[in-house]
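All chains should be modelled from the sequences, with the hints used to inform the complete structure.
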Amino acid sequence: MDLPQTQKLSRSGMLAELSRDDLTDSGVVLSIGEPQIGMAEQSHVEVADPSFLLHDYVRRMRSVMTTTAPDLFDQAEPAAALHLGAGALTLPRWMEQRFPDISQTVVDHEPELVEFVLKHLPMRSVPESVVADAAEALKDRLADRRFDVVVVDLYNSEQAPAQLTSAPFFRQVLQRIRPGGLMLMNFGDDADMIFARRLVSTLLSAADDDADAALLTAPDPVLTGRQEGNLVFAAVVGSSFSQEQLQQIWAAGPHPGEVLSGAALTSWAG
1 MDLPQTQKLS RSGMLAELSR DDLTDSGVVL SIGEPQIGMA EQSHVEVADP SFLLHDYVRR
61 MRSVMTTTAP DLFDQAEPAA ALHLGAGALT LPRWMEQRFP DISQTVVDHE PELVEFVLKH
121 LPMRSVPESV VADAAEALKD RLADRRFDVV VVDLYNSEQA PAQLTSAPFF RQVLQRIRPG
181 GLMLMNFGDD ADMIFARRLV STLLSAADDD ADAALLTAPD PVLTGRQEGN LVFAAVVGSS
241 FSQEQLQQIW AAGPHPGEVL SGAALTSWAG
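So the sequence shown is numbered by the UniProt record's numbering: it starts at 1 and just counts up by one.
Hints may be right or wrong, so weigh each one.
[As the list claims (entries may be wrong)] Here are the in silico distance ranges between beta carbons for each label pair:
| id | residue 1 | residue 2 | range |
| --- | --- | --- | --- |
| 1 | 210 | 119 | 37 to 47 Å |
| 2 | 160 | 10 | 15 to 25 Å |
| 3 | 209 | 26 | 43 to 53 Å |
[To be verified] Calculated lysine to aspartate or glutamate pairs in the DMTMM-like style (CA-CA distance at most 25 Å, straight line):
| id | residue 1 | residue 2 |
| --- | --- | --- |
| 4 | 119 | 46 |
| 5 | 139 | 128 |
| 6 | 119 | 208 |
| 7 | 8 | 136 |
| 8 | 119 | 49 |
| 9 | 139 | 209 |
| 10 | 119 | 17 |
| 11 | 8 | 112 |
| 12 | 139 | 112 |
| 13 | 119 | 228 |
| 14 | 119 | 34 |
| 15 | 8 | 192 |
| 16 | 139 | 208 |
| 17 | 8 | 21 |
| 18 | 119 | 133 |
| 19 | 119 | 25 |
| 20 | 8 | 41 |
| 21 | 119 | 21 |
| 22 | 8 | 115 |
| 23 | 119 | 158 |
| 24 | 119 | 101 |
| 25 | 119 | 96 |
| 26 | 119 | 41 |
| 27 | 8 | 110 |
| 28 | 139 | 158 |
| 29 | 8 | 34 |
| 30 | 8 | 133 |
| 31 | 8 | 46 |
| 32 | 139 | 110 |
Note that these hints are calculated values from the structure, not bench results.
Here the structure is a predicted model, which is why all the values come from computation and not from measurement.
C-beta: ideal position from N, C-alpha, C; glycine also.
Take a look at the structure:
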């Protein structure tokens, strides 16, 4: 594999770069930014072993999915997953390996990104690629589609576009999920967690304030406001997380970490 490789992204005008990672044996990092200002790491892919997930938030998503998988994917029809935000397709690669028959759709607003990533980091099954803003895709091209899992990974700070942090947007996401299906969302915040608490409150509102059908998981220092970082929100449609599932998700790690649901989640969101 000849790295680094770069691609100009026409929508944002930024540069995407795939480069080797010195932390693992076959790791590749996707970074996006402006070279004269700085490049921000977006994704990590372990090319030789897609089951290896480096970052905490992706491992937390894995814990939720593997715990709920018997309910999600034990159906007559092959499971379907929608990813809002492409990155380097880290989670689609893991899902392809874990659930070989899964059908996956990826939405990203950058026309060149998915093709660039797959050219240099191919997958066994190429996901369906939709070039559009996430909100527009849900209203238009995906309006009549339903999925078992929808993963939202669109932003990492309060600088996110307002329409993508609104209750109407999250209701659209939930409406695209089949009964019993799962929404997973990654987002980040500074240590004060002001944005994160506000966002979780909005997410709960979109889910009809059913906090038993939702959970939040993150490292302890992040949840307690001692450290900036990423959090994972999950919601199950038409059902709720059992205490056994919550315990299993916590036990699956990573640690140290916490899983909040029900009254504890409502209290955290304020």
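For each hint, the structure was consulted:
no.: 1; hint: 210 <-> 119: 37 to 47 Å; verdict: holds (43 Å)
no.: 2; hint: 160 <-> 10: 15 to 25 Å; verdict: holds (21 Å)
no.: 3; hint: 209 <-> 26: 43 to 53 Å; verdict: holds (45 Å)
no.: 4; hint: 119 <-> 46; verdict: holds (16 Å)
no.: 5; hint: 139 <-> 128; verdict: holds (17 Å)
no.: 6; hint: 119 <-> 208; verdict: violated (42 Å)
no.: 7; hint: 8 <-> 136; verdict: holds (23 Å)
no.: 8; hint: 119 <-> 49; verdict: holds (18 Å)
no.: 9; hint: 139 <-> 209; verdict: holds (23 Å)
no.: 10; hint: 119 <-> 17; verdict: holds (13 Å)
no.: 11; hint: 8 <-> 112; verdict: holds (8 Å)
no.: 12; hint: 139 <-> 112; verdict: holds (22 Å)
no.: 13; hint: 119 <-> 228; verdict: violated (34 Å)
no.: 14; hint: 119 <-> 34; verdict: holds (22 Å)
no.: 15; hint: 8 <-> 192; verdict: violated (35 Å)
no.: 16; hint: 139 <-> 208; verdict: holds (20 Å)
no.: 17; hint: 8 <-> 21; verdict: holds (21 Å)
no.: 18; hint: 119 <-> 133; verdict: holds (22 Å)
no.: 19; hint: 119 <-> 25; verdict: holds (21 Å)
no.: 20; hint: 8 <-> 41; verdict: holds (16 Å)
no.: 21; hint: 119 <-> 21; verdict: holds (18 Å)
no.: 22; hint: 8 <-> 115; verdict: holds (12 Å)
no.: 23; hint: 119 <-> 158; verdict: violated (32 Å)
no.: 24; hint: 119 <-> 101; verdict: holds (22 Å)
no.: 25; hint: 119 <-> 96; verdict: holds (17 Å)
no.: 26; hint: 119 <-> 41; verdict: holds (19 Å)
no.: 27; hint: 8 <-> 110; verdict: holds (10 Å)
no.: 28; hint: 139 <-> 158; verdict: holds (24 Å)
no.: 29; hint: 8 <-> 34; verdict: holds (10 Å)
no.: 30; hint: 8 <-> 133; verdict: holds (18 Å)
no.: 31; hint: 8 <-> 46; verdict: holds (23 Å)
no.: 32; hint: 139 <-> 110; verdict: holds (18 Å)
Consistency note: the structure conflicts with the earlier hints numbered 6, 13, 15, 23.
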